[in-house]
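Enquirer: What follows is the residue order along each chain.
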Amino acid sequence: MTVPTAVLQSGILPEGLDVSFKLLPAIIVLGMLLLFLAIGFVFRVADTENMWVAGRSIGNVENGMAIGANWMSAASYLGMASLIALSGFYGLAFVVGWTTGYFILLIFMAAQLRRFGKYTAPDFVGDRFNSDGARAIAAVTTFLIGFVYAIGQARGMGLVGLYIFGDIGIPGLSGYQSMVVFMMAITVGYLTISGMLGATKNMAVQYVILIVAFLVGLLLTGLSQGYSTVLPQLEYGMLISELSSEFSEPFVNEPYYLWIATCFSLVVGTCGLPHVLVRFYTVESERTARWSTVWGLFFICLLYWSAPAFAAFGTDLYAQNIGQVYPGGGEPGMTSAAGDVIVVLAAQLANLPQWLVGLVAAGGIAAAIATTAGLFIAGSSAISHDIYTNIINPEATQRQQVLVGRLSIIALGVITTLAALDPAAPIAALVSYAFSLAGAVLFPMFFLGMWWENTNRPGALAGMSTGLIIWTIPMINEVLPNYLGGVEGPFSDALATWVPAIGSALIAVPVVFAVTIAVSLVTDEPDMETKRVVRQCHSPEPMGQHRTAEDVVATDGGDAPADD
Amino acid sequence: MANETTDPDDDDEAPLASDGGVATQAAQDHERTDYLSSEVNLLNPSTPFMRDHLKIVWTGFVIWAVVVFGPVTLTRLAPGVMTTEMPVLGFPLHYFLVAFGAPTGALILSLWYARKRDALDEKYGIDHATVEEASDEPVAAADGGVTSEGGVDE
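Keeping their order, the protein sequence lines are chains C and G. If you count the first sequence from 1, you need to add 14 to reach my numbering. If you count the second sequence from 1, you need to add 1 to reach my numbering.
Keep in mind that the hints were calculated from the coordinates and are not lab data. Bear in mind the structure is a predicted one, so any value in this text is a computation, not a measurement. This list has only true hints and no planted wrong ones.
Where chain G lies over chain C, by a calculated footprint (3+ residues, C-beta under 8 Å):
1. 263 to 269
2. 313 to 323
3. 539 to 549
Taking lysine to any residue and the SDA-like style, the derived pairs with C-alpha atoms no more than 25 Å apart in a straight line are:
4. C/K545 with G/K56
5. G/K117 with G/H54
6. C/K545 with C/P472
7. C/K545 with C/S145
8. C/K545 with G/H54
9. C/K545 with C/D146
10. G/K56 with C/E555
11. C/K545 with G/S39
12. G/K117 with C/F312
13. G/K56 with G/G71
14. G/K56 with C/I531
15. C/K545 with G/R33
16. G/K56 with C/P524
17. C/K545 with G/R52
18. G/K124 with C/P556
19. C/K545 with G/T34
20. C/K545 with C/W466
21. G/K56 with C/F527
22. G/K117 with C/P556
23. C/K36 with C/N335
24. C/K545 with G/S38
25. C/K545 with C/T569
26. C/K545 with C/L475
27. G/K124 with G/P46
28. C/K545 with G/E40
29. G/K56 with C/N468
Glycine is no exception: its CB is placed at the ideal position from the N, C-alpha and C atoms.
If we strip away everything but chain C, and leave its shape as in the complex, we get:
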């Protein structure tokens, strides 16, 4: 994305938003945070099984809601409407990529991963390819994903928090930066107390809060302004012809290739994101894994059908009340920071009561906190479980593991906060970098590892390294210049056109597949034990709730060859 970095001072939000301390919205947000902490405290945990997979006891609809809450980050709640408002038809690539990817996850991976039965994404990679090297690359990738993804969340919390609390004035920081620090401190505090069981229970609550806030906000905005009656998700169609042509005309803002690249990256990223995959370990059976995916997608669609409507209303209200939305004729148009709060802005400009605008804003914060929680859990378990316990200190006690887990959550919180003080791109763009990474490095390993038993260790190592390199090049080309003073990015326009940072997985995935397959073919096949574990993942025979494919292979191994 080439949207300019926003000016991070008091003028960051548009005039119409009225940045100041607001009592009722503040009470709503603080009450919500206290509720999360209370739930986290009630379900607090001290052992690893509960910390990471909630004792594998979560049922269907609850897990569906958790998938929804975990999924719907600030990028869905705030960033998507923002991109649709700012980039028009191109923004819809996000709507499509972030919903339809679940079908691929469902048909190719959900039940198989449940049967494999490992705690984390790095655990899968490490055990499937019998390699601590692969485990370490996957763990570092998981950590990186959590970090890049969470920057977008922190930006969302900072912007919305600024609207609600005004400038809380931490010395040396701008209002936005103070709010980022404040909100991240709360998120980390809550997470270190509660762990995953609390997080899963919280996610169902968070889902309800955020979906109600979003839908009620949309409904009342549409009603009060005469845009729509009971189904704004379909009624905003009538409004489109009245908006600037940039809103709906195809490929005026971004070309077809970038649309496809973005959408593809988001789809494969969905299938490789550790914090999404871990939700399948928390269910009781593979059948529940399947049905909770369907439920999860339904819960997600409720918001994704609505976001374009919010964008349309927000765009029209912005044009009527503040100024022109798209740059042209010497006018700059809407800034990316204004875009990132367009959902709140629309509710504000529609003159909804202040507490209701506050509720919409609180929904955005709930979305950001829920996702950050999932990401930090995945990132910290990568450090504590995969790197510390499996590689550095195999003798670690549960106490030590939980301690390392908590310390890595704090570390993630600190570096995310620092990076979010001056973020390089709008929320949705930041988040999509993480999707490209997951799609390029982890998705091919899950897919090939599950569906082709001859994928082996050298193949996986070569493939993952290739994926990391292909992801890093456009990041250096396009994103790094934003953090360097006085450098105009991107370094290479041709590279930015064909391997865009936002959609680099379109190139990376086929290349990584080819490298992994080629290297696997020219090196030794994996041992029979590994192949049998893969086969067990595809057997339709039901497995016990607490068994993994490895257990089954180990216990049934002796009598299996007697078949012929």
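Add chain G to chain C, keeping to what the hints say.
Expert: Relative to the frame of chain C, chain G by itself:
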């Protein structure tokens, strides 16, 4: 109706023994298959179950690819036709197919797949309920709710 053997539709309540007595061809195949000795290869399924399963998977995948990338590609090829305003709803056609059609299509496909997969389990005589260990109340309730929905015949 004249057939007096067990009706396959009412096997919900039937005891396991009767099920075993009238096991379908597919269920017998399943009994005989040693899954741990059958190669896993996406392009070359080695068991009857995986052949049946992959038929569903690939069908779904092709429809998915058309739903997701079809409208945007058509818009690139024939922008005039695709940007026509739709009657009643007022959307430009491409905008509606992408913003509403694709997510809805994926949701419907997911529902379709989960049901197909349940039907496949039934065809092969696989029962998840008997193996799952006793779980606590709320989980059982949630699962029960879905069983009734997912268990509907095609």
